[in-house]
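So the protein sequences, as listed, match chains Z and U. This note's numbering numbers the first residue of the first sequence as 8 and each following residue consecutively. This note's numbering numbers the first residue of the second sequence as 8 and each following residue consecutively.
Rather than coming from a laboratory, the hints here were simulated on the basis of the structure. C-beta atoms are modelled at their ideal positions from N, C-alpha and C, and glycine is treated no differently. Warning: the hint list may mix true and false statements.
Among chain U residues calculated to face chain Z with C-beta under 7 Å, some are [stated by the list, open to error]:
1) M8
2) R10
3) P23
4) H24
5) R46
6) R252
7) A362
8) L367
9) A370
10) K374
Protein chains: 2
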Amino acid sequence: MERLPGFRDFYPEPLPHPDVWSADIRQHIFEKWRATACRYGFREYDGPPLEPLELFTTKSGEEIVGQLYNFTDKGERAVSLRPEMTPTLARMVAAHERNYKKPIKWFAIPQLFRYERQQKGRLREHFQFNADLIGESDPAADAELIALLIDTLRAFGLTSEDFVIRLSSRNAWYDFFKQGGGDMAHEYAFYQIIDKLEREAPEHSDQKLRAIGFSLEAVNQFIEKGEPTVELKTILDNLTARGLRDFVKIDYKVIRGLAYYTGVVFEAFDRKGEFRAIAGGGRYDNLVKLISGDKVNLPALGFGMGDVVLTELLRARGRLPKFDSPMDVFVLIEDEALRSISLKLIHDLRAAGYAVEYPLTPAKPDKQFKRAMDLKVAHTARMDNDAYVRIRNLKTREEVVTGLADTANHLS
Amino acid sequence: MERLPGFRDFYPEPLPHPDVWSADIRQHIFEKWRATACRYGFREYDGPPLEPLELFTTKSGEEIVGQLYNFTDKGERAVSLRPEMTPTLARMVAAHERNYKKPIKWFAIPQLFRYERQQKGRLREHFQFNADLIGESDPAADAELIALLIDTLRAFGLTSEDFVIRLSSRNAWYDFFKQGGGDMAHEYAFYQIIDKLEREAPEHSDQKLRAIGFSLEAVNQFIEKGEPTVELKTILDNLTARGLRDFVKIDYKVIRGLAYYTGVVFEAFDRKGEFRAIAGGGRYDNLVKLISGDKVNLPALGFGMGDVVLTELLRARGRLPKFDSPMDVFVLIEDEALRSISLKLIHDLRAAGYAVEYPLTPAKPDKQFKRAMDLKVAHTARMDNDAYVRIRNLKTREEVVTGLADTANHLS
Chain Z
8 MERLPGFRDF
18 YPEPLPHPDV
28 WSADIRQHIF
38 EKWRATACRY
48 GFREYDGPPL
58 EPLELFTTKS
68 GEEIVGQLYN
78 FTDKGERAVS
88 LRPEMTPTLA
98 RMVAAHERNY
108 KKPIKWFAIP
118 QLFRYERQQK
128 GRLREHFQFN
138 ADLIGESDPA
148 ADAELIALLI
158 DTLRAFGLTS
168 EDFVIRLSSR
178 NAWYDFFKQG
188 GGDMAHEYAF
198 YQIIDKLERE
208 APEHSDQKLR
218 AIGFSLEAVN
228 QFIEKGEPTV
238 ELKTILDNLT
248 ARGLRDFVKI
258 DYKVIRGLAY
268 YTGVVFEAFD
278 RKGEFRAIAG
288 GGRYDNLVKL
298 ISGDKVNLPA
308 LGFGMGDVVL
318 TELLRARGRL
328 PKFDSPMDVF
338 VLIEDEALRS
348 ISLKLIHDLR
358 AAGYAVEYPL
368 TPAKPDKQFK
378 RAMDLKVAHT
388 ARMDNDAYVR
398 IRNLKTREEV
408 VTGLADTANH
418 LS
Chain U
8 MERLPGFRDF
18 YPEPLPHPDV
28 WSADIRQHIF
38 EKWRATACRY
48 GFREYDGPPL
58 EPLELFTTKS
68 GEEIVGQLYN
78 FTDKGERAVS
88 LRPEMTPTLA
98 RMVAAHERNY
108 KKPIKWFAIP
118 QLFRYERQQK
128 GRLREHFQFN
138 ADLIGESDPA
148 ADAELIALLI
158 DTLRAFGLTS
168 EDFVIRLSSR
178 NAWYDFFKQG
188 GGDMAHEYAF
198 YQIIDKLERE
208 APEHSDQKLR
218 AIGFSLEAVN
228 QFIEKGEPTV
238 ELKTILDNLT
248 ARGLRDFVKI
258 DYKVIRGLAY
268 YTGVVFEAFD
278 RKGEFRAIAG
288 GGRYDNLVKL
298 ISGDKVNLPA
308 LGFGMGDVVL
318 TELLRARGRL
328 PKFDSPMDVF
338 VLIEDEALRS
348 ISLKLIHDLR
358 AAGYAVEYPL
368 TPAKPDKQFK
378 RAMDLKVAHT
388 ARMDNDAYVR
398 IRNLKTREEV
408 VTGLADTANH
418 LS
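Extracted from the complex, chain Z is given alone in its bound form (with noise of 0.2 Å):
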């Protein structure tokens, strides 16, 4: 039996075949992710993965359902599972607000699923570091995100060789479309041609533009003058004085695409453009106030980094620890009259904090010894009488023996 199309299995390292992934490698991501969000002072919150259908559809239109892993359940509801974490958010925040002081930092590490039909050989879910700041509108809310998400890959050794913040805004796309005299009727359009610039054809783009009263070598010279609107600035100001300034770099042509960003907005980008985005976000300043039913009005911002793309990154710098010894002690039982005491011993190592191995059946002293060397443990340890410990440090190759209850402060 198969696993469905687009799922991953994650077996432990090292990995039996190149079509499944590494628990290990996840595990090392969320722990990152985690410490970093904690550092910061973000706190964990998590939703379900199933929610209403209508908590997508109020956000994102009707036709998002195409990509939607939805289904009827037995009590005749619609319902899906989460295609990403933002409405879940807002609806908990919308919920609870009241009783956490602002400004709300919160992170969530969920699995999202999309159905799309017909991209074969695509992942239908992937693992998300979500971070979100809730209930500030001042720059200095934007800048905190950031230098979140710039630290976040730090912390896997990445530099600002490795990756850039492509920072942008929509205000600053707003205030170029109000002045070149565009019809409000068409500003979402306009932000969806900006957002295709990179994919689409030039003179493609520039018909699109025309027929909305622009050109592309307007909006071509917007981009390449890259003047930071005075937000933008703040933004920049606040990531230098934080010693930032290197990661982060102006660049218009990022917008996003989906239609309820309201102010900066930034994509963090691989430096040699071998990958798809590894991150994104921006303000959101209306979508608390929508999913809430305008019960609850909150300014908001935050960011997704998907397992993924970063994880092809990671591999492709080089910046993947090695997971072959996570024991720290094998105990050796080559005479079994020794077998309960050893049991004792390897019970006392585990209290201690220890990985410990050990042959659960007899087996032969160097076929014992292989596994040891095998899971490259530091030490080997057995029980040379019921009182004595024989411990062997095997990269010194020194050996003492200790009395059993001293043990553990001969592995250090």
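Starting from the known structure of chain Z, fit chain U onto it as the hints suggest.
Positioned in the frame of chain Z, the structure of chain U alone reads:
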């Protein structure tokens, strides 16, 4: 908009409402589960939350479909959210077991889903710690797994006064059944009667037993005698050697409902009997063969421990830590002229591993200090000027002034 019935929202502590769950407690539980499993040499794996429906019906028969979150996806596949992890594990092991040394010791922390229509107020999802040991039929494997179960609960501060493992064996009941002249056609029905002894009226159980040639009296005698089989004695001796004898008792009333168990079975209960089972497991030596379509044949055993009963028990026994001070340092910015250099201080402290909070926007000094107190930080820090930092230990009330580069040294 509300979340779906039976699903949970996880919020940061302190909780805003009794109806929501704690993301901090959840993370605390996951960390203990993961750390204990690693000390025992178990490696993490995971599979998709959505699997082909057939994976679950192969194992449990068509009748399980009534309890599943199953649906037809847009590619006309019959799929289901996973109600348990073991079928996925068996599928993954069958696919790649040749690449792993035996015994395979693996764990996972999946979210599991059951749609039970009638049970109002009952949860439809939970997280479950799954640990499995595959490829070893010796009772030493059973002892190793049960020791892990015990130490996992001890990692939360629970003692032998709080919980006990009720240890039993399908083999013991099989022998009883055979020696009593049972007809093999009624074997599973017999186990089902034993499984329901504690929940059904004695007359009813007796009636059902008599229908297949047994009596409640004989069954009760067998249970009361509680004579361990050779296999169970080996396990008890092994646990005794580890110093864990107080955590286990033979109890033949336990037999586990699922059809696929083949040998030792066990459940963890709170000693006061206030809660449902904390964990349960046993041997399932034929399941990998069944799931792999006879391609792979490996003995196996495992257990599952859910987060819901465990959380209730830990709360009732006062074993949950407080989650009220996740921040280390609050940086006060009383002079806006020092905001830039304060941002550098904040960034340096976070880079040194501290969790740091600060006022994103200008705020009155007393309001800032109150926020620091609310966050229960250990220290406040503020720039005296562009070069010197004033650090205050809020517990001892000691103040030191130090150079910016030296700050982290004064926080430990």
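Against the structure, the hints come out as follows:
no.: 1; hint: M8; in the structure: holds, 6 Å
no.: 2; hint: R10; in the structure: holds, 6 Å
no.: 3; hint: P23; in the structure: holds, 3 Å
no.: 4; hint: H24; in the structure: holds, 6 Å
no.: 5; hint: R46; in the structure: holds, 5 Å
no.: 6; hint: R252; in the structure: violated, 12 Å
no.: 7; hint: A362; in the structure: holds, 5 Å
no.: 8; hint: L367; in the structure: holds, 5 Å
no.: 9; hint: A370; in the structure: violated, 11 Å
no.: 10; hint: K374; in the structure: violated, 11 Å
This entry does not satisfy hints 6, 9 and 10, going by the numbered hints stated previously.
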